[in-house]
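The task is simple: from the sequences and hints, build the whole structure.
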Amino acid sequence: MDHYDVIVGGVFNGTVYYEDYMTNGHLSPEADQQQDWRVTNITESAGITTMKFNRKKDTGDREGDNVIEPGRRRIVCAYHDTVDKDVNMTKHTERYHKEIEFLKLPKEPPKVSYFSDPPTTGASAIAASIIGNFLLFIIAVIFFY
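Numbering (my numbering), first residue to last: 113 to 257.
If you are wondering where the hints come from, they were derived from the structure by calculation, not from laboratory data. What you are looking at is a predicted structure, and each value in this text was computed from that prediction instead of being measured. Keep in mind that a hint or two might mislead.
Derived PhoX-like pairs: lysine-lysine, alpha-carbon spacing no greater than 25 Å straight-line [said to hold, decoys possible]:
1. K164 - K203
2. K168 - K216
3. K203 - K169
4. K168 - K210
5. K164 - K219
Okay, structure coming up:
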């Protein structure tokens, strides 16, 4: 897990904790100098911890955060069965991942193909002139008839 932008948090003895990290392979991650995750809720009930959090797509922190761009992103969740708060960052006992598309890729504009060369502006103007003159002729015949 190299260069993953992660948040580590939970509830320890009734006190909420969380911190922003950047992973560096299988070594213990280093705390980010700029804390960009915004935690909106952390609860613990019957041994289950739930965290709700968010951050900007681009925090401007080039050292400690990844820019969230359109396309699929790998989301990783990991936890300890028994350890609440671990300053030594002991390896997790369970982990999961899922790819999610937070931002859709922009659609490509439709491609128009012609069986012959595309019509030119001059040809369109001539066709409009011929049709206009024909309609003028029909109006004159109806009016003077």
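Hint by hint, here is what the structure shows:
1. This hinted pair checks out: K164 and K203 have alpha carbons roughly 23 Å apart, not beyond 25 Å.
2. Straight-line distance between C-alpha atoms of K168 and K216 comes to about 16 Å, which keeps the hinted pair within the 25 Å bound.
3. A distance of roughly 28 Å separates the Cα atoms of K203 and K169; the hinted pair therefore is violated under the 25 Å criterion.
4. Using a Cα cut-off of 25 Å, the hinted pair K168 and K210 holds, with the two alpha carbons roughly 20 Å apart.
5. As the CA atoms of K164 and K219 are separated by approximately 31 Å, the hinted pair breaks the 25 Å bound.
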